[in-house]
Amino acid sequence: SQQGEEDPQALSIQEGENATMNCSYKTSINNLQWYRQNSGRGLVHLILIRSNEREKHSGRLRVTLDTSKKSSSLLITASRAADTASYFCATAEYSGGGADGLTFGKGTHLIIQP
Amino acid sequence: GAGVSQSPSNKVTEKGKDVELRCDPISGHTALYWYRQRLGQGLEFLIYFQGNSAPDKSGLPSDRFSAERTGESVSTLTIQRTQQEDSAVYLCASSLVWSPEGQPQHFGDGTRLSIL
Numbered sequence: 011s012q013q014g015e016e017d018p019q020a021l022s023i024q025e026g027e028n029a030t031m032n033c034s035y036k037t038s039i040n041n042l043q044w045y046r047q048n049s050g051r052g053l054v055h056l057i058l059i060r061s062n063e064r065e066k067h068s069g070r071l072r073v074t075l076d077t078s079k080k081s082s083s084l085l086i087t088a089s090r091a092a093d094t095a096s097y098f099c100a101t102a103e104y105s106g107g108g109a110d111g112l113t114f115g116k117g118t119h120l121i122i123q124p
Numbered sequence: 582g583a584g585v586s587q588s589p590s591n592k593v594t595e596k597g598k599d600v601e602l603r604c605d606p607i608s609g610h611t612a613l614y615w616y617r618q619r620l621g622q623g624l625e626f627l628i629y630f631q632g633n634s635a636p637d638k639s640g641l642p643s644d645r646f647s648a649e650r651t652g653e654s655v656s657t658l659t660i661q662r663t664q665q666e667d668s669a670v671y672l673c674a675s676s677l678v679w680s681p682e683g684q685p686q687h688f689g690d691g692t693r694l695s696i697l
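Chains as they are written, first to last, in the working numbering: chain A, 11 to 124; chain B, 582 to 697.
Treat the hints as calculated values from the structure; they're not laboratory data. Remember, predicted model here, so these are calculated numbers, not experimental data. All C-beta atoms, glycine included, are put in the ideal place defined by N, C-alpha and C. Don't take every hint at face value.
What the hints assert, rightly or not - With beta-carbon atoms standing in for the labels, derived distance ranges:
{"no.": "1", "chain 1": "B", "residue 1": "Gly597", "chain 2": "A", "residue 2": "Ser38", "range": "42 to 48 angstroms"}
{"no.": "2", "chain 1": "B", "residue 1": "Gly584", "chain 2": "A", "residue 2": "His67", "range": "23 to 29 angstroms"}
{"no.": "3", "chain 1": "A", "residue 1": "Ala91", "chain 2": "B", "residue 2": "Glu649", "range": "27 to 33 angstroms"}
{"no.": "4", "chain 1": "B", "residue 1": "Pro589", "chain 2": "A", "residue 2": "Lys79", "range": "29 to 35 angstroms"}
{"no.": "5", "chain 1": "A", "residue 1": "Ala91", "chain 2": "B", "residue 2": "Pro685", "range": "31 to 37 angstroms"}
{"no.": "6", "chain 1": "B", "residue 1": "Arg645", "chain 2": "A", "residue 2": "Gln24", "range": "44 to 50 angstroms"}
{"no.": "7", "chain 1": "A", "residue 1": "Leu85", "chain 2": "B", "residue 2": "Gln622", "range": "23 to 29 angstroms"}
Using the sequences plus the hints, can you model the full thing?
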């Protein structure tokens, strides 16, 4: 099942602009994570935000979490060509007595035009 | 090693053959995960190991899929009698520990499997 659903599916912006991606999820969570995937490579963990946090920063990344709306956003400021990648949100979906692996959405494909 | 290593990076095989995919996690990581990623899609969780034990195998797509881990290190994912729908990138990840809240995971670059 797709716990996280990213929006938009694709985003193309000019270098230097800010990029915002959104994620919605369905069940209760303890934390939500964002990952980046460059073409042909594995995923790289970017940031983890806990359910009791509303906002978190890491360098040019800003993540917000609204548990009442079951949604999160990832903002990349002052985008660079190297930010071109797919971005996924992921949550730990509970099954039975506990969560197993992470549940990922289909991702937002971000293209930064030089 | 410095990161998660997967081999082979690419595998092309004929329908009906068996394939074995290997994952070397980051040294000291007790939790290991396998995912499948179809073209243009998100990741589909398959199975995880806590140490050498896989508590829940229900995520494996069919009984043609099996996985094992030895020495709390290397893991192999085996697909028997491959079908064309098995074509995908198989990603392995590891984390220092497993927890029900979900841990940050370190991914390998995957094995791209193509079934002819």
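Taking the hints in turn, this is what the structure says about them:
Evaluation of the 42 to 48 angstroms hint for Gly597/B and Ser38/A yields a pass: the beta carbon distance comes to about 43 angstroms. In this structure, Gly584/B and His67/A meet the distance hint of 23 to 29 angstroms, their C-beta atoms being roughly 26 angstroms apart. Take Ala91/A and Glu649/B: their Cβ atoms lie about 42 angstroms apart, and the range 27 to 33 angstroms is violated. Separated by about 43 angstroms at the C-beta atoms, Pro589/B and Lys79/A break the suggested range of 29 to 35 angstroms.
At roughly 26 angstroms, the beta carbons of Ala91/A and Pro685/B sit outside the given window of 31 to 37 angstroms. Checking the proposed 44 to 50 angstroms range against Arg645/B and Gln24/A shows it holds: the Cβ atoms sit about 47 angstroms from each other. Remark: the range hint 23 to 29 angstroms for Leu85/A to Gln622/B is upheld by a beta-carbon distance near 25 angstroms.
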